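**Student:** All chains, please: the whole structure from these sequences, using the hints.
4 protein chains.
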Amino acid sequence: MAKEKVVLAYSGGLDTSVAIAWLNNKGYDVIACCIDVGEGKDLEAIKQKGFDVGAVESITIDAKEEFAQDYALIALQGHTYYENKYPLVSALSRPLIVSKLVAVAKHYGATAIAHGCTGKGNDQVRFEVGIHALAPDMKIEDPIRDWHWSREEEIQYAQDNNIPVPINKESPYSIDENLWGRANECGILEDPWESAPEDAYDRTLAIEDTPDEPETIEITFEKGVPTFLNGEYYTLAEMIMKLDKIAGKHGIGRIDHIENRLVGIKSREVYECPAATVLIKAHKDLEDLTSERGLAHFKPVIEQKLSEVIYNGLWFSPLMPALTAFLKESQKNVNGVVRIKLFKGNAICEGRKSENSLYDKNLATYTSADEFDQEAAAGFIKLWGLPSQVYAQVQAKNKQDSHKNTANDGVKQ
Amino acid sequence: MAKEKVVLAYSGGLDTSVAIAWLNNKGYDVIACCIDVGEGKDLEAIKQKGFDVGAVESITIDAKEEFAQDYALIALQGHTYYENKYPLVSALSRPLIVSKLVAVAKHYGATAIAHGCTGKGNDQVRFEVGIHALAPDMKIEDPIRDWHWSREEEIQYAQDNNIPVPINKESPYSIDENLWGRANECGILEDPWESAPEDAYDRTLAIEDTPDEPETIEITFEKGVPTFLNGEYYTLAEMIMKLDKIAGKHGIGRIDHIENRLVGIKSREVYECPAATVLIKAHKDLEDLTSERGLAHFKPVIEQKLSEVIYNGLWFSPLMPALTAFLKESQKNVNGVVRIKLFKGNAICEGRKSENSLYDKNLATYTSADEFDQEAAAGFIKLWGLPSQVYAQVQAKNKQDSHKNTANDGVKQ
Amino acid sequence: MAKEKVVLAYSGGLDTSVAIAWLNNKGYDVIACCIDVGEGKDLEAIKQKGFDVGAVESITIDAKEEFAQDYALIALQGHTYYENKYPLVSALSRPLIVSKLVAVAKHYGATAIAHGCTGKGNDQVRFEVGIHALAPDMKIEDPIRDWHWSREEEIQYAQDNNIPVPINKESPYSIDENLWGRANECGILEDPWESAPEDAYDRTLAIEDTPDEPETIEITFEKGVPTFLNGEYYTLAEMIMKLDKIAGKHGIGRIDHIENRLVGIKSREVYECPAATVLIKAHKDLEDLTSERGLAHFKPVIEQKLSEVIYNGLWFSPLMPALTAFLKESQKNVNGVVRIKLFKGNAICEGRKSENSLYDKNLATYTSADEFDQEAAAGFIKLWGLPSQVYAQVQAKNKQDSHKNTANDGVKQ
Amino acid sequence: MAKEKVVLAYSGGLDTSVAIAWLNNKGYDVIACCIDVGEGKDLEAIKQKGFDVGAVESITIDAKEEFAQDYALIALQGHTYYENKYPLVSALSRPLIVSKLVAVAKHYGATAIAHGCTGKGNDQVRFEVGIHALAPDMKIEDPIRDWHWSREEEIQYAQDNNIPVPINKESPYSIDENLWGRANECGILEDPWESAPEDAYDRTLAIEDTPDEPETIEITFEKGVPTFLNGEYYTLAEMIMKLDKIAGKHGIGRIDHIENRLVGIKSREVYECPAATVLIKAHKDLEDLTSERGLAHFKPVIEQKLSEVIYNGLWFSPLMPALTAFLKESQKNVNGVVRIKLFKGNAICEGRKSENSLYDKNLATYTSADEFDQEAAAGFIKLWGLPSQVYAQVQAKNKQDSHKNTANDGVKQ
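Protein chains in written order, with UniProt numbering: chain A, 1 to 413; chain B, 1 to 413; chain C, 1 to 413; chain D, 1 to 413.
In case anyone wonders, no lab produced these hints; they're calculated from the structure. As the structure is a prediction and not an experimental result, all values here were calculated from the model. All clues given are correct.
Put simply, identical chains are the same to the list, so a pair is met inside one copy or across any two.
With a cut-off of at most 30 Å between alpha-carbon atoms, the simulated DSS-like pairs for lysine-lysine come out as follows:
(1) 328 with 397
(2) 281 with 399
(3) 139 with 332
(4) 139 with 399
(5) 399 with 361
(6) 328 with 404
(7) 85 with 242
(8) 85 with 281
**Tutor:** See the structure below:
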């Protein structure tokens, strides 16, 4: 009888390589599947390694542009900072990876999907909830959560199964990265009072090491999509990669966050998101110029929900298309150019212009060009303050009445 | 018959000095009242000037500490960034000033209160709505909005009424400041594409001019109130003033904002809030460590409403005490120390500790000290994803059914 | 020189008939425009009367179906109860009327639009804000707010200008109605302690007078649109009119509301919305069956905003299309049938079924068919409660520590 | 060695009686604890039965008044309808029961607490999360979820352990009730298309059987607490019980709800909440009269969160005291009397009055007593609509420009 097939989210690292052996030993034919969302991996080498360590099939998918267009763009336009701080690095790539794994599984007739997440992070939730939202009857294997091994036991198992074990000293950190940023945890970072050491960072220079000259860039947006950088067109993935280099060089986008995981614990994470930081800042600045007040004041409610839904692994739930329908509609007038100065860890919006600008100099000015109807203000104020004025009148009357009553009582006696 | 008395919010500047004459000419006895909320004014000189230009009484009130304790503290604990950007400078001082003006008016038996706001800003709303919320029957005079003068006409009127006119070249800017920050508009700033020039700033150094060495400080919070700076106790007003100097020197707290005014227009404002920026950042970081997830995730809803209510001049409406009751309750465990590195425009939280820390290393760690129940995760994920899984099942079934129906239809024909 | 033209929202009543004369006297050519949104007017008679009292052109537009499809449907799907009570009667028709007035004005080259709202209601805001959102440079005339007449003066003016004055005793009420409902205010209703008398109602029977037998109906929805009533197809306007009769006969849909007007005062309004009440109830019940939890729990946030935006006259602001984009997306699975019993003022949903039902008997049942994984619950509970458990542990430890410290202090002394 | 003690939430029914045997067999000394929250139980009999079936201690606690004052009151003032429909019956009593169990456990030195919830409902979450929020180190036993027995196996175990098994035919329903209402599920109710049969209800009459005469009552509130009914004082528990009888007789308070459980499934529940329905309606009506607009419009946000937190078993999380601090502050002016007509399933608020009424007849009236400043409206409208007007202007300009450009392009070619 043919063995059942499992599609494994394969990174080429020790854990998922051991997982191939473990899944083989469990009776599966393993299809290793490595999806590139911008970590800068050597896909060919990973593909080969997949075969080497026992996969019956080894696939690699370059999903960078898709990741940029369909995932990072929502984070950018939605300003999705989880807990007002973390711009959703891993949380953004998981649904894309899941959708690829499910497509591969369907293509190959696999009955299970496996991932290499630990049992205490958010990613296991994102993988498994995502898989079941796309393929509700798919089996899920989570080797790392299942095997309960110490580091030593894992290495022993690797050696027993001819999985090469890296010789170089292991990094103390646990890292995940993609186009949109880099997430780092563990090691010394587990003490929230300790400063994150320089070796915790990779995509940004320390402010001390950044250029002493500022760099000014101009980003053009069309319907909320960044299209031109300093007048030159880039696809979104290219734009992000380009900006990541530039902004990283100026030390922009380091984030040190004590965050509430979905699984109920607090963890300390160190993020680097140079491009994301600059792009969201520029986009917000342009929205400030082009979005009508009512829309501008309600959009953050959508933003907060978006970031929560994405963080919590619910990308494929029916709430998402409703939220993104709102988001898309909100971007129609977000056209224009933002000028940003990058300098010593700062991304400073210095100027913005747009044919959809709702800033009206003749209304705002204090010069003689003033067209604002100052008479109207008096009427506005009257009605705006009427509810609290009536409230005050009633409070005052009641206080008086109660004084009178007290006084009367006194008189009567 | 005795003249009616009016209490005027007096700044000592040309506008409100002319207003004294204008109110006198309208038949009032004017009580000039200058309230110091941290602009660094020479109160004695202003008091004398009030008399000089025609007030029957001239009063000054040092309200710095009260401003810090009862107003700025709410902005600090409430992270009240209007439109996620402006930390409420003028909006915060207006209610305090109003409450003082009303108290003075009641003390002197005045029948009216006058302020010097223009007819197109938010402050007129804050003054008038605030006054009527505290004294619903008080008359309000708004000379500037009423007199409709050009600059030249105003100067003529001043000269006609023996009001000294400053000789030095006028600043192109319109500035308001207090302990919590400095707001600047007008002049070149009216073009949102232009960079704010250096002379638009006063309390912060340009990054180019800041020290090349970082400065690391420690701020201690008790129930959300900053109490110690580098181990030394400060009252809140002192703390803010001290931090303003330190952080300003490192170029921290510049904000360039296209904002939606309550009166319906967009304006471009440049703010400097060095102390506010550092304090809110440190406070948020400590909350990240000490606030339970549910509270942490809902507090931003209160924060957004608080900033809107304050910005919109509704400080004295009955919604405020309800919001601040929530806020106060949320601060009970915000105790601890935050270590911040100030450097080149950046305030970087590098470490935080608290006896109320909810970060539990033994739950978060990936080392052998791990106490987290990874088995529980599998159950959690199942139920967490169940709604979208059931949804997917129903969608899949319907799709199948519809295919079947189509197929059948085909067969039938 | 040709006179300027004004388009008047014409009802055929005394106020707007006098307005024609008043506008004529002000130098306008008046185009009377009567838009039928379901008040059951005699359009021909109104058209003629428009000519009779001095309009140069008199137009009537039957907009019932458009009102149903493009306006009432949003209220239905959005469950837009303002202040959780008022299902937006007048607020819904104003934007449609405004859009027609603007279209007519553009067609005829009119430079102004006039309406007959008083100066203290919400409708003036809805008209004028709406007009300026569609035609920012259009002049607006508001005769009633401008002429400041007593009833007697108005009648005198009517007689002087040959406007027929109705002889029959005037109703004490001020009424507005359309397909979606009927709004009533004034007269005895101005005392909130008084019961609304029977003559305040028109479209509903008093419960005392309703049939003693219940009537059970079935409403079919397709993508959130009611399409069949008891198996018979109706256009939306027909459906509403049909249901209005049926539900009104059973005394359903009376609402007695003390409401906060946008213009700052509280007013007491009596509404009758038989069809709206039944339809929204049925629709909500079907959503309860077909909407996934995350979507179901967030949709009320959109609903509350929708009702606020519509009530506040901001239908044509850019926030609306974003909100309705969300709404539309949320309706994709709202398909099915709801069975409702109408009886003595009650609309009771007794059964609902749908091919998109997310109710899964095999998950919900307590019988042996149970497929729910009860083991998973234990894991879920552990992680769900972890944040408050950790919180409790820290609180307990701190309490203990503080006791210990107190004890130690005791010992030392 | 002494056995460990477990405190069991004991109802006197079969499940928890069998649980006593099961816990004994597991090696515990069982302390049976029955807490009366208004189900109308025979506490003495239950106490005796606890001893009879093997408890070493059997305790009963009358917590009705505490339940009313500290739990139901929050639901009443907070209008906490979960999913806008279910007024939180079981969800409200669980935290009180938990707090008693923990207190008893601490008193007796018990190391564990046991409850009789099944593994697929919300109550297991509420019990266990609540227990660990109050006693983070307490062991929890959940016999029903653990023993995996069919009905027959449970009865066999009961007989083997001398637990009396009720002879009468078992109800098909699963019922929980308390002062605030009665919840019913299972049996025929598991089919959402079936009407709930009459025997599913217990505390309300069918409309068909209700009196043909309406009954009008007056409820007095003081700071949001109902104190007098028809002029007679009642404690809150008495008030609820009294109203439950009266309103139930008129068929008020039946709710048929397809609801989203926290554990991820939809279930169909039938509730009866006569008193709750009347009290919340009356309270809302009085708030409509006495709450200032800003407070009134934001309170629903708090209400929705409150109902979610309570439903989700997070009563003892730190978010609750913050939410209730807001709630308490919001009730200061909710004083007055509401007149309600109870008739044929309807609770109709017909009149309301209050010394804190913010309804001002002289502002609202259309008679000559009018004090409203209609001039102010024009100014208000101008600024209120300014953002969407400016938006429209810019849109129009751009459209024109784009036409021009198109035209030009045409010309050029």
